[in-house]
Amino acid sequence: MTRGEAYSELMKSLQSGRFTYTGELEPLKTTSLHEVLEGAKNLKGHVVAANVTDNPTAFAYMTPLIPCYFIQKEVGLEAVYQLTTRDRNRLAIVSDLLGAGALGIRNVLALTGDHVAVGDNPQAKPVFDLDSATLVYLLRKMVDEGVDLNGGKIQDPPKFNVGVAANPNADPLEPEVFKIDRKIRLGADFIQTQAVYDVEVARRFLKETSNIKAPILIGIAPFRSIGMMEYMTKFVPGIVVPEEMQQRLRKAREKGGKDAIYQENVEIFGDFIKEVKKTTSAAGIHIMAIGFEWIVPKILEYAGT
Amino acid sequence: MIILKEKPLNEVLDYLSEGKRVLIIGCNGCAGIYQVGGEKQATMMAKLLEMAGKLRGKNWELMPTTVLRQCDGQIVATTLRPIIDGYDTILSLACGVGVQTLVEAFSEKVVVPGNDTVFLGAQDRELGMFYERCRACGDCILYETGGICPVTRCAKGLLNGPCGGMSKGKCEVGGWKKDCAWVLIFNRLRQLKKMDSFTVFRPPRDFRVSQPPRELGAIAEEVKK
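Line by line, the protein sequences give chains A and B.
The first sequence begins at 2 in this note's numbering and counts up one residue at a time.
The second sequence begins at 596 in this note's numbering and counts up one residue at a time.
Quick caveat, the hints were computed from the structure, so don't treat them as lab data.
The reader is advised that the hints may include incorrect statements.
As the list claims (entries may be wrong) - Output of the computed footprint for chain B on chain A, the stretches with three or more beta carbons under 8 angstroms from beta carbons of chain B:
| id | region |
| --- | --- |
| 1 | 115-124 |
| 2 | 132-145 |
| 3 | 170-176 |
| 4 | 180-190 |
To be verified - Here are the simulated lysine to any residue pairs, SDA-like style, with alpha carbons at most 20 angstroms apart:
| id | chain 1 | residue 1 | chain 2 | residue 2 |
| --- | --- | --- | --- | --- |
| 5 | A | K126 | B | K763 |
| 6 | A | K126 | B | E727 |
| 7 | B | K765 | A | K142 |
| 8 | A | K142 | B | D801 |
| 9 | B | K763 | A | K142 |
Positions of the beta carbon are idealized from the N, C-alpha and C atoms, including for glycine.
Generate the whole structure from the sequences, applying the supplied hints.
As structure tokens, this is what we get:
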């Protein structure tokens with residue numbers, strides 16, 4: 002068993018105890034890598050690694066494998082390959098993971114994936130042959146034992162560190178905590194959470210998961226616009242944006258338009274990071290600034306990192 | 596029970612466009628019990644088709660009848676054999692199993708469905724609602740899940756739930772109206788003091804037991820050997 006081994010820069014950073022930042026990139030419905038690579042350049046040097054999403058909210062986009070490879074090769078930014086069980090059975094998952102290994106990918110975030118019902122192809126047949134827990138189980142077998150689910154031997158097994166997601170906004174929270182614990186017991190190395198907007202929510206979540214021995218990166222998702230904020234609060238389940246935060250952003254727009262919203266984001270999320278870093282046991286922050294990754298360095302500068 | 600839903604009449608009329616003498620066959624099993632495809636509905640369907648046929652300029656012979664259970668080949672054959680020769684087309688008001696049993700018994704006839712077969716479910720008489728409760732997966736784990744089936748009642752069929760698509764105990768699929776099966780299971784197992792059954796890891800399912808078309812019985816066992 003080689004559990005606990007760090008194969009990636011991300012895992013090395015987490016094991017060193019340094020407060021660690023990760024970013025996120027979203028390939029869209031396109032064959033162009035331009036935007037993803039530009040986003041990666043904006044994140045490079047400010048985060049240790051960047052997640053590349055796998056058909057997020059069940060929208061059919063470019064496979065993350067390709068951008069994962071190119072951001073590592075052309076930008077020098079380590080990738081966290083997000084992989085959901087929604088669109089692939091265990092055969093396709095093994096073959097994609099072998100491909101990921103061949104491409105030099107070192108981090109995999111094991112996700113169940115949003116149901117196709119909420120995506121842009123709701124008529125599709127959802128797969129869910131595996132789930133996030135059984136995907137972690139498969140990943141450990143591949144990495145530690147060099148075999149697939151049926152014990153089929155893998156030549157040159159891949160070296161991945163395995164991440165899982167968690168939802169601090171889950172209500173009820175208790176079954177979610179048990180679920181995270183199960184994924185860690187199965188051998189996941191680190192946890193990245195869904196977006197949190199209230200430090201108290203993060204604090205409560207970290208307290209409830211204090212027995213779980215794995216580094217937790219608290220997720221934040223700055224608001225690109227008031228429209229996005231309203232969408233998140235109305236339609237994304239469990240997301241609670243404190244009224245005060247909403248007021249600050251609305252006022253900023255009235256006063257100074259888009260630029261003022263960006264500046265307000267920098268202050269709000271910079272302060273959020275400061276607070277989490279100073280007063281909680283979180284291992285780091287996962288920043289999801291999709292489509293405006295350039296704001297990440299500004300937020301981090303404000304946070305004084 | 597097998598839950599059925601009436602097909603739109605226009606669709607049924609299209610299926611029957613070639614028919615001249617149509618035998619409408621109800622089923623007194625699930626379809627009859629739930630009053631979607633029993634004796635009454637067969638009679639009603641004959642009347643509706645007669646009227647609709649007139650509007651479409653069709654002059655056909657329509658005869659309603661009902662069998663005890665359309666899924667039983669012997670019952671179907673013995674009940675219908677005496678009358679079947681007078682008809683070229685059969686409209687079955689049973690489930691998809693009934694339709695196919697009729698096809699196998701009377702292969703020379705055109706057999707069409709009058710209902711959609713939707714799921715295996717339970718009925719709430721007061722609300723007039725039917726709820727899917729079993730997917731006949733062939734690998735029952737209800738003992739471990741407090742009597743609540745995640746294969747059926749979790750939209751993703753997860754065995755290690757809940758997932759991130761749960762909020763306030765409700766599921767993202769269908770707009771936060773349906774209960775998250777894994778929250779129901781969690782509450783039930785806590786009540787039963789069987790949390791071990793919740794925290795346990797369930798490895799990937801063996802889907803061979805669900806592989807259609809499935810067969811059961813002595814001959815199937817012999818074939819397997």
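Hints, one by one, checked against the model:
| no. | hint | in the structure |
| --- | --- | --- |
| 1 | 115-124 | holds (count 4) |
| 2 | 132-145 | holds (count 6) |
| 3 | 170-176 | holds (count 6) |
| 4 | 180-190 | holds (count 5) |
| 5 | K126(A) / K763(B) | violated, 26 angstroms |
| 6 | K126(A) / E727(B) | holds, 18 angstroms |
| 7 | K765(B) / K142(A) | violated, 33 angstroms |
| 8 | K142(A) / D801(B) | holds, 18 angstroms |
| 9 | K763(B) / K142(A) | violated, 35 angstroms |
When held up to the earlier numbered hints, the structure conflicts with 5, 7, 9 and fits the remainder.
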